[in-house]
Amino acid sequence: MTATTLSLPVERTRRPSQSRAEAVAAYVLSAPAIICLFGILLLPTLATFVLSFTDWQFGAPTLRWIGLDNYVHLAGDRVFWKSLTNTVVYVAVVVPCSVLLGLGAALLIEAGTSGRAFYRAAFFLPVTATLIAMATVWEIMLHPSIGLINVLIEALGFSKQNWLKDPELALFALAGIGIWQALGLNMVLLLAGLKSIPRDLYEAAAIDGADGPWTRFVTVTLPMLGPALSFVLIISAIRSFQVFDTVAVLTEGGPNKATEVLLYTMYQEGFGFFRAGYGAAITVVFLVFVLLLTLIKARLAEKRVHYS
Amino acid sequence: MSGVSIQRISKSFGQTRVLRDVSLEVGPREFLTLLGPSGCGKSTLLRIIAGLEQADEGSIALGGQQVDGLLPRQRDVAMVFQSYALYPYMTVAENIGLPLLMRRTRAWQRLPLIRRLHPVARAAAGTIATDVRRAAEALQIAPYLERKPSQLSGGQRQRVALARAMVRNPRVFLMDEPLSNLDAKLRVSARAEIADLHRRAGVAFIYVTHDQAEAMTMSDRVGLMMDGEILQVAPPGEIYDEPAALRVAEFIGSPKINTLPGVVRADGGVAVPGGVLEGGSGLAAGTEVVAGIRPEHWILGMSGASGSLGALSGTVRHLENLGSDLFLYAESQGGGPLLTVRAAPETVRQVSPGTAVALKPRPGRVLLFDRSGQRLRARP
Amino acid sequence: MNGARTLPFAIFRHVVLAAGAVVMIAPFIWLLSLAVKPADEIFTTDIRLLPIRWDAERNFTEAFSKVPLHRYLLNGVIVTAAIFFLQVLVALPAAYALAKLRFGLSRPLFALVLLGLLIPGHVPAIPHYIMLSSAGLLNSYAALVLPSIISVFGIFWIRQFFRTVPDDLIHAARLDGLSEFSIVWRIMLPAAIPALTAFGILSVVFHWNEYFWPLLVVTSPDMATPALGTVYLRNTEAGTDYGPLMAGTAIITAPLVIAFLLAQRRFIEGMTLTGLKG
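Protein chains in written order, with this note's numbering: chain A, 1 to 308; chain B, 1001 to 1380; chain C, 2001 to 2278.
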């Protein structure tokens, strides 16, 4: 290889180097994701915004720019306000109940060793089960005359209720199903939180004199579980805000709009009455609420709360 | 044909310059160790040679061929990583065979069904299996070929990593601290194995480590790196005895070399706090120097009588008896940090904390550096 | 936890948990119970778990004859498998690029992924419907699958997992002669199996149970997914003969419930990702 030095300038014409190859590969590898991200998620979301400023209806040949008219209309729409109120009430019932019951289950399961796997499985089962199918079961259990729940209630000396047809009760009956479905997920998230509390903290607390169950819970468990707990609260709020399935199948927003919720109103306006522009405006309102909750969650996540 | 030629490589990560104008020639069959503290840039240099990182400036030639624009897989180099980087879900045989598979077959021949049916692919599979077995036998891991890396001990994993590197006869071996995850005992036997592998492979090895014992025992030459620069490249004995700079002298050798600030006198002596040492002849009187004396280069006197030329008097403060060696830590009358002295273990009967001693460097064993740390050649 | 080990507490714990468990499981038990009862035993206020006269055969036969249950299940398998396969095909390479490759748009792209995480699936539904309708794709597998092939959560989750894969493994692969594409499928895909399992369970459970979107785009029974199928079955029932309805509902609920019971740990791992997803 005597020609080495002579050949240097010729070989200087550079072939693709590692960093060039890396960048080229990166663009090729992420191209499908970039295309889908824009084509399926970001641009259609933008389109929803744009639609909400038009009077477009499905199948209509033309659309008109009507500015904020849809939102002005929403502000005066009694059904929309009813729907928004119902959604908030639903969230306000489901979130505290499912989190508190989930916390109770998690604490009791962690407090002993026997039967852990069984109880965990039993409480978690509704999370994976097809809600729409189980809703049918619930409907029969809530049946005014032969429903299991009414039969039990009557046996205890109370009077039977027409759960899903009574405007006073229907929303709370749906919330009950919501709690039943959400509890297990909250429980396992909190179980993970409980497991991550270092054992020696309890021992330290015991040495410092905090050895009763309640003192231990207040001095160690609750403060250590705090971040996890607030995280679970937000998650279950976001999930229950998106309630749709049980309403669509069991009550269709009735009786007399008593269970009308945001997503169902959106579905009705957009796809039932084909008013796409108006439906889009409701979607935007829905998005604003979910975004608020998600931003709170992101702030909590920044404080390094992890569950995986 | 030259092995590895590194010319004027510079590299920065953001604002930090990790390599400053580094040049190095490695012979075709040479075992060169890059030794230095963590963060000195030695691993980055290795990765630039492999093509995994890109130099900002400078160029690299392997076996006489300029490789700057080439991808790692086009450079024909093998690398053994500190973490071994074994593919966790592949068997040992698959791990060792992967580089051969990628070289000897085309992408379409590796497709699931074709892999079993196509004659070229099947023939390749056969030769790969033979080569894998030969490499595994050479490193005594043949019984574990069907295991997963997670079922192996640290030492066995390290051999798999070596086998994966040697199986394809690369033109250069790069090793990035391959022994640092082994326990002390295994490390000693692995050193011999790597030296043996080098003899058989007959190609250039570039070995990165922060452990001077590894550098001193295996290498033909050691390149000492600090702060992104190579301070000295020399055979192990030379880098120890004739360090080119104070930083080299201080990094190599354990316990660390003793250093004393001093001034050259007209008679060639070096005045240091507490006495005068020999060894400054040939240097201009009044030159400010740092004198370095290794712990084993002291002659220990028991008299404590000061004044004899070239001797410092001091008091023993602390003893460390390792059985094979005895280290004394003595406080010089001139003050300054404790001086480290290696003495024969029997000396322990004569000294204890508080004993007065006289310390005199062996003739010609005082290393002089200027105040910026450059070596001063003072011998007449 | 010495205080918790006392006998009265242990009894208290089991009584409360068992009562809770009964409430949680009751709908499933009742579902099975009704599915094997004749109509006259359903329409009674007596509470009995097992029927006096078993009528399982009629109930299940009738459920299958009323609606194409097998078709719903098949559609469920096709749609959830296609969605998961495409989600991984799109997300895995991008996740690798975002986690391990240096390129100019890396940060902006990841910012878009995080932005995408904020958008609930219902929000782009109207434009999706318009697009599929104008492409003439309503009431097809394409309509059920396409809107779901991008999972920003999948990209995010797999990227986070890939960040834990040591760089040296990729460096070794590059030196061993693998191209970036081979690295994705040969090195990263097998390494990602645990993350993909969790994500796969989340994805399959979600799309098997999904009702909103199939309700919009499916117009004929042969395209119905399991969740939508139960509603079709329900609509054939005028409100007297609950036996076949419960039998059909049991069939559609069974796959996920059985899968959960067989692989509880994996399911819980997968579903807790919902915590990150929101």
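These are computed hints drawn from the structure, not numbers from a lab. Some hints here could point you the wrong way.
[What the hints assert, rightly or not] Residues from chain A that keep clear of chain B, each with C-beta distances beyond 12 Å, as calculated:
1) R20
2) T85
3) L169
4) V218
5) L287
[Said to hold, decoys possible] Heads up, simulated SDA-like pairs for lysine to any residue below, C-alpha to C-alpha not over 20 Å straight-line:
6) K2100(C) / G1014(B)
7) K2100(C) / Y27(A)
8) K2100(C) / A21(A)
9) K2100(C) / V1120(B)
10) K2100(C) / V28(A)
11) K2100(C) / A1121(B)
None of these values were measured; they are calculated from a predicted model. We treat Cβ as the ideally placed atom computed from N, Cα and C, and that holds for glycine.
Hint check:
{"no.": "1", "hint": "R20", "in the structure": "violated (9 Å)"}
{"no.": "2", "hint": "T85", "in the structure": "holds (54 Å)"}
{"no.": "3", "hint": "L169", "in the structure": "holds (55 Å)"}
{"no.": "4", "hint": "V218", "in the structure": "holds (43 Å)"}
{"no.": "5", "hint": "L287", "in the structure": "holds (39 Å)"}
{"no.": "6", "hint": "K2100(C) / G1014(B)", "in the structure": "holds (18 Å)"}
{"no.": "7", "hint": "K2100(C) / Y27(A)", "in the structure": "holds (13 Å)"}
{"no.": "8", "hint": "K2100(C) / A21(A)", "in the structure": "holds (13 Å)"}
{"no.": "9", "hint": "K2100(C) / V1120(B)", "in the structure": "violated (34 Å)"}
{"no.": "10", "hint": "K2100(C) / V28(A)", "in the structure": "holds (14 Å)"}
{"no.": "11", "hint": "K2100(C) / A1121(B)", "in the structure": "violated (31 Å)"}
Hint compliance for this structure: hints 1, 9, 11 are not met, and every other hint is.
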